[in-house]
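S.K.: Spelled out from the first residue to the last, the chains are:
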Amino acid sequence: EAQVTQNPRYLITVTGKKLTVTCSQNMNHEYMSWYRQDPGLGLRQIYYSMNVEVTDKGDVPEGYKVSRKEKRNFPLILESPSPNQTSLYFCASSLVHLAGVAETQYFGPGTRLLVL
Amino acid sequence: AQTVTQSQPEMSVQEAETVTLSCTYDTSESDYYLFWYKQPPSRQMILVIRQEAYKQQNATENRFSVNFQKAAKSFSLKISDSQLGDAAMYFCAYRSPTGANSKLTFGKGITLSVRP
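For the record, the sequence lines run as chains A and B.
Heads up, the first sequence is in my numbering, so the first residue is 330 and it goes up one at a time.
Heads up, the second sequence is in my numbering, so the first residue is 3 and it goes up one at a time.
Careful, some of the hints might be misleading.
[Said to hold, decoys possible] Label-pair restraints from in silico Cβ distances:
| no. | chain 1 | residue 1 | chain 2 | residue 2 | range |
| --- | --- | --- | --- | --- | --- |
| 1 | A | Lys346 | B | Gln10 | 15 to 23 angstroms |
| 2 | A | Ser411 | B | Lys75 | 19 to 27 angstroms |
| 3 | B | Ser82 | A | Asn380 | 35 to 43 angstroms |
[What the hints assert, rightly or not] As a list, the in silico DSS-like pairs of lysine-lysine whose alpha-carbon atoms are at most 27 angstroms apart:
| no. | chain 1 | residue 1 | chain 2 | residue 2 |
| --- | --- | --- | --- | --- |
| 4 | B | Lys110 | A | Lys386 |
| 5 | A | Lys346 | A | Lys386 |
| 6 | A | Lys394 | B | Lys75 |
Honestly, the hints are just simulated from the structure, not real lab data.
Every residue gets a Cβ at the ideal spot worked out from N, C-alpha and C, and that includes glycine.
Please model the complete structure; the sequences and the hints are all you need to start from.
M.R.: Have a look at this one:
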């Protein structure tokens with residue numbers, strides 16, 4: 330089954346304790362992206378990647394890191410989490426055509442993070 | 003920068019009736035994609051319908067259809083024969099067709115409730 334998976338689905342942590350949220354897709358997609366969802370703000374992009382070893386900042390990258398060592402994986406790293414990073418996080422992926430990124434992005438199930 | 007506005011935070015509809023969710027956007031681009039995503043209580047992001055700006059014909063997917071008014075920069079979603087399972091948060095989203103980053107720009111969302 331074609332899908333985007335995220336782990337963990339739920340996480341409670343404390344301020345300053347490094348954590349990683351994994352994202353994996355089995356559709357051979359080049360483009361991957363992380364969004365965070367906050368009440369009243371919709372979803373906002375954190376980081377994206379056009380292909381292996383190619384990553385760039387989105388709209389709200391502060392406090393986050395990413396890496397893209399393999400095509401299928403795009404982990405989100407919080408080196409020193411703070412309470413304002415409490416949010417619902419989504420990973421998404423898409424094909425990239427010659428003309429650019431394909432129109433439809435596929436979303437993972439979401440990771441709910443609480444930073445105390 | 004593109005912006006997406008969903009001015010109604012909540013709406014309610016009687017089961018089997020029709021409801022229209024509003025969305026407006028601002029862009030200087032002539033070609034782009036517009037989407038409606040559904041987010042049920044499970045928090046999964048589900049693509050409902052997609053519209054390419056260069057197509058004059060409004061997109062339709064079963065009970066879901068859009069009213070795309072390019073000059074007015076309006077993109078409303080009509081749900082016909084509403085069902086209890088339609089209760090969810092709905093997000094309108096904009097995406098540029100090309101470029102290094104094809105992020106989705108989301109509105110703040112609207113919560114739809116369906117009365118039995």
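S.K.: Does each hint hold? Answer for all of them.
M.R.: We went through each hint and held it up to the structure:
{"no.": "1", "hint": "A:Lys346 x B:Gln10: 15 to 23 angstroms", "verdict": "violated, 40 angstroms"}
{"no.": "2", "hint": "A:Ser411 x B:Lys75: 19 to 27 angstroms", "verdict": "violated, 37 angstroms"}
{"no.": "3", "hint": "B:Ser82 x A:Asn380: 35 to 43 angstroms", "verdict": "holds, 41 angstroms"}
{"no.": "4", "hint": "B:Lys110 x A:Lys386", "verdict": "holds, 21 angstroms"}
{"no.": "5", "hint": "A:Lys346 x A:Lys386", "verdict": "holds, 23 angstroms"}
{"no.": "6", "hint": "A:Lys394 x B:Lys75", "verdict": "violated, 35 angstroms"}
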